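**Student:** Build the full structure now, drawing on both the sequences and the hints.
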Amino acid sequence: MIKSGMRINNAESQKIRIKNKNKIMNYFVNEKGYFGDFGGAYIPEMLYPNVEELRTKYLEIIADEGFQKEFHQLLKDYVGRPSPLYLAKRLSEKYGANIFLKREDLNHTGAHKINNTIGQILVAERLGKKRIIAETGAGQHGVATATVCALRGLECVVYMGEIDIARQAPNVARMKMLGATVVSATSGSKTLKDATNEAMRDWINNPIDTHYIIGSVVGPHPYPDMVATFQSIISEETKKQLIEQTGNDQPDYVLACVGGGSNAMGMFYHFLNDENVKLIAIEAAGKGVDSGHSAATTALGKEGVLHGSRSILMQTEDGQVIEPYSVSAGLDYPGVGPQHAHLFKTLRAQYVSATDNEALQAGLLLTQLEGIIPAIESAHALAYLEKMKFTGKENVVICLSGRGDKDMDTYMKYFGL
Amino acid sequence: MNRINKLFQEKKNILSIYYTAGYPNLGDTVAIAEELERSGADLLEIGFPYSDPVADGPVIQASSKSALDAGMTLKLLFEQLKDLRKTVSIPVLLMGYVNPLLQYGVANFCKSCAEVGVDGCIVPDLPMAEYEEFYEKDFKQYDLTNIFLVTPQTAPERIQKIDSLSNGFIYLLSSSATTGQNLQVSEGTEAYFSRIAALKLKNPTMIGFGISSKETFDKACQYANGAIIGSAFVKNLKADDVSGSVKEFMKTFKP
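Residue numbers (our numbering), protein chains in the order written: chain A, 1 to 417; chain B, 1001 to 1255.
If you are wondering where the hints come from, they were derived from the structure by calculation, not from laboratory data.
Treat each hint with caution, since some may be false.
[To be verified] Straight line, CA to CA, 16 Å or less: simulated EDC-like cross-link-like pairs of lysine to aspartate or glutamate:
id, chain 1, residue 1, chain 2, residue 2
1, B, 1111, B, 1143
2, B, 1065, A, 323
3, B, 1254, B, 1218
4, B, 1075, A, 317
5, B, 1247, B, 1042
6, A, 302, A, 37
7, A, 387, A, 405
8, A, 32, B, 1133
9, A, 278, A, 252
10, A, 32, B, 1130
11, A, 239, A, 274
12, A, 345, A, 303
13, A, 345, A, 37
14, A, 32, B, 1132
15, A, 393, A, 252
Please read these numbers as outputs of a predicted model, since none were measured by experiment.
**Tutor:** Written out as structure tokens, the structure is:
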């Protein structure tokens, strides 16, 4: 529940944001692991050696030619990249703009999550790790992790909130079939936040042989930067595809939904320094930003530390984390990645929100106009089209981060199908 | 000289007890401290609860949640501790996670600690570099001790650095683990404790995590100036007989 008096001090934050707007901004991570004021590695000493090992080695590992070759080969032959950039004609007609969908939903396992798990499993192998752990909310990241562990023959343990296990049974079965052990997180709210806590506890207790594949651009440095780097393939391809299709690699708008923010960061990454490209991040308003049942972090949150980094999070005055709510399990997270907090504070990206109802309606609309059933997460980004004004000429790219198969129960209940 | 330094100068085999503020009942915080001092504890670590305690096992997760549900906050804790020094004379540390501390304000936190007579704190997820760069001056201004953790995986040069930043004691984790597991003293553990002893640190050491019985306490005292008991004590607290359950538990250690 959101308590009153929790809203960010808007006058103050707006002042800071306007001041920052006039500076030349670095939107990427600095040598201390910070994006502006956000990031760092707020971890107990028990995690320090693991995180430090990763921090000192990840750049070198990723830059290695052999790594790059293997990573891109797997993305091509196993994941099915490049994912298409599809000009959605009927959707474009409806809104009066050229709307392109970046089809991450067509990836193997059905979402953008696998871009990151392929990258991290190759890093884990090069660090000599034998055991993989992960957290998952809806199960998409858990499935993507279990998939790469099966592919490479590594032991896999996935932490998932007890409530999520109950409401995402097909993904639990997929993970088990892929050979993963699914462990129920029974603490706290029994959802994604608590699954993340349990995964961190596992890592503390297994400091030598285990790699933790975090699924979003959250966590201690270097995770936010590493995950964004792997997901940046989304915008890298988009730019090439835009040149082919429009002759210009800079669209007017780029839209993506944000929970922790990994698909959005991948979608924004190569546009960050193209100041003419407007970046719009759509958070989950749940039943409404001020309803007390929301996950709109930048609207409701304050600066603080969660899961190892300084960012913006939904919290009480006493610094206790507030349970978020969204119909979409993938956006049901009380924080955002530190790079998003930086883009928000510097005004580089605009952070808005869509409610459960708006997202579900947008999901149905896309299905009926284009024959594509989107994940409810991605449908939040589509929902924002309703609030935009176009002249008919704008090029708009939307990250369709996942497919809606996993959400059929929710769609069925909502629309009485 | 502050209470912590004095304690380590005067005593060996120091018994430190951790418990969560506001557990088992919201108003028990000071009563437990008083009973612990009467029953022979040398040092107290009062936990301020956090919603997402990643370094803690099930017992302290549960006590934290119970205290938060009952309405415990850092602000309320300082109110409860207002008259602490009228009845409690042994050193007291506060232990908790960094986010509540940041929201309270670090300088403000240090000031409140000094006002009620708290001697220092343990904040496992406050990184050493951030402490040194941003917060050390506030701690020094109010003569507060910040306690750092060391695990079997901590590199020797990092331990030296921690020693140079510390001014109370160093908290040695028996193993890399969350709280509330049993200490198994293997050859590896002994080698680790001996390795630490050989570094000839300027600060005394206390062993914590996994100390649950007189036997494990005595074992730990062979390698350090004392040991810390947390989960085993918290597990034993009875909501309807707090004082009795504290006495009962302490009998094993200070007969």
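**Student:** Where does the structure disagree with the numbered hints, that is, which hint numbers, in rising order?
**Tutor:** 7
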